[in-house]
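Letter by letter, the sequence shown follows residues 1 to 286 in the numbering used here.
No wet-lab data here; the hints were simulated from the structure. Note that this is a predicted model, so its numbers are computed, not measured. Hints are supplied without guarantee of correctness; some may be wrong.
As the list claims (entries may be wrong) - Cross-link-like lysine-lysine pairs, in silico, PhoX-like; alpha carbons within 25 Å at most: (1) Lys272 - Lys170; (2) Lys91 - Lys64; (3) Lys170 - Lys276.
To be verified - Here are the simulated distance ranges between beta carbons: (4) Asp65 - Arg247: 18 to 28 Å; (5) Phe127 - Tyr222: 47 to 57 Å; (6) Gln267 - Gly9: 41 to 51 Å; (7) Tyr161 - Ser18: 22 to 32 Å; (8) Gly278 - Arg227: 14 to 24 Å; (9) Tyr222 - Glu105: 31 to 41 Å; (10) Glu283 - Ser233: 43 to 53 Å; (11) Glu229 - Asn81: 18 to 28 Å; (12) Arg103 - Gln267: 18 to 28 Å.
From the three backbone atoms N, C-alpha and C, an ideal C-beta is built for every residue, glycine too.
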Amino acid sequence: MRLEDFDTGTRYTARVLSTQRITPASSPEEVREIVLEIERDHFDYQPGQSIGVIVSGDHPQGHKDHFRLYSVADTPQAANNGRPRVSLCVKRCNYIDEYSGERYEGISSNYLCDRRAGETITINGPFGIPFEVPEDRETDLLLIGMGTGIAPFRALIRHIYEDVKDYTGKVRLFYGAQSGLEMLYMNEEKDDFSQYYDRDTFEAFKALSPRPNWADPIAMDYALEERSEEILSLLESPHARVYVAGRADILETLDRVFSHMIGSSDQWSRRKAELKAGQRWVELVY
Numbered sequence: 001m002r003l004e005d006f007d008t009g010t011r012y013t014a015r016v017l018s019t020q021r022i023t024p025a026s027s028p029e030e031v032r033e034i035v036l037e038i039e040r041d042h043f044d045y046q047p048g049q050s051i052g053v054i055v056s057g058d059h060p061q062g063h064k065d066h067f068r069l070y071s072v073a074d075t076p077q078a079a080n081n082g083r084p085r086v087s088l089c090v091k092r093c094n095y096i097d098e099y100s101g102e103r104y105e106g107i108s109s110n111y112l113c114d115r116r117a118g119e120t121i122t123i124n125g126p127f128g129i130p131f132e133v134p135e136d137r138e139t140d141l142l143l144i145g146m147g148t149g150i151a152p153f154r155a156l157i158r159h160i161y162e163d164v165k166d167y168t169g170k171v172r173l174f175y176g177a178q179s180g181l182e183m184l185y186m187n188e189e190k191d192d193f194s195q196y197y198d199r200d201t202f203e204a205f206k207a208l209s210p211r212p213n214w215a216d217p218i219a220m221d222y223a224l225e226e227r228s229e230e231i232l233s234l235l236e237s238p239h240a241r242v243y244v245a246g247r248a249d250i251l252e253t254l255d256r257v258f259s260h261m262i263g264s265s266d267q268w269s270r271r272k273a274e275l276k277a278g279q280r281w282v283e284l285v286y
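Sequences are here, hints too, so could you generate the full structure?
Okay, structure coming up:
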């Protein structure tokens, strides 16, 4: 679905409760965790869903409202006054025009990263099919995320281990970044997943670029291939699900890696089709 296909008519005001940089100051990438208080009594959402951020004004593209989706990065919470609270994981983005070579700031990401506590923004939603926790609590989960694609998995994993409690299936998280400084919730500044490392069912694996100062691709293929035996078992199991989040180009990497693991691209295409048909392959890509 395209951004213009989303309904932006119903809008809400949200106040910034806090904004915190979660990549180190030494990192060239600025990613912030922004906590919002929704100025209404109810705003129901589930892990894996997104909210829309609407930035009004005279934009270079000529439209009045600029609209972008951001995955919710936490489980449903309430502020001190009982109003709904939402956490976002936002990377400050800039773009180079491929024809003119001019540099442009990403409208929504820079707008959000520049907001300070007490300021208000306009949102709507929530949108999207959430990452559901399977009714069968023994279902194994393979979670694969790149960049800010970690946000919905942060919410999902927290929900499993803090709310569901009786989940006994394996949870395997593979997360990729350009360098260790961009690991977001898995770096020295903030490691939300460390509290689950003592769980027998949970393991997290980092996939970094082999040369972080170069434009090399993130080594997600190496991280997955190192665990190929377990991953093949998960892909073949009728009681496992695969959740993927991040930039759309991650799908090309996964198709290549899984084709190699299974034996051929044709075999993987059939297996992936079976997973999708059984609603056991879910993507949140942009």
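Note whether the CB distance of Gln267 and Gly9 lies within 41 to 51 Å or breaks it.
46 Å, holds
With respect to the beta-carbon atoms only, verify the hint that Gly278 and Arg227 lie 14 to 24 Å apart.
22 Å, holds
At the C-beta level, are Tyr161 and Ser18 separated by a distance inside 22 to 32 Å?
With a Cβ separation near 24 Å, Tyr161 and Ser18 satisfy 22 to 32 Å, so the hint holds.
If I claimed the Cβ atoms of Arg103 and Gln267 lie 18 to 28 Å apart, would that claim hold in this structure?
44 Å Cβ-Cβ, so the 18 to 28 Å window is violated.
Cβ distance range 31 to 41 Å for Tyr222 and Glu105, holds or violated
Holds, at about 33 Å.
With respect to the beta-carbon atoms only, verify the hint that Phe127 and Tyr222 lie 47 to 57 Å apart.
Distance hint for Phe127, Tyr222 is violated at roughly 34 Å.
Given a hinted range of 18 to 28 Å, is it respected by the beta-carbon distance of Glu229 and Asn81?
51 Å, violated
Quick one, are Lys272 and Lys170 close enough, alpha carbons at most 25 Å?
20 Å, holds
Can the restraint linking Lys91 and Lys64 be considered satisfied, given a maximum Cα separation of 25 Å?
With Cα atoms ~23 Å apart, Lys91 and Lys64 stay inside 25 Å; holds.
Is 43 to 53 Å a correct range for the gap between the Cβ atoms of Glu283 and Ser233?
Violated - the Cβ-Cβ distance for Glu283 and Ser233, about 22 Å, lies outside 43 to 53 Å.
Look at the Cβ atoms of Asp65 and Arg247 and judge whether their distance stays inside 18 to 28 Å.
24 Å, holds
Does Lys276 sit within 25 Å of Lys170, going by the straight-line distance between their CA atoms?
20 Å, holds
The structure shown violates the earlier hints numbered 5, 10, 11, 12.
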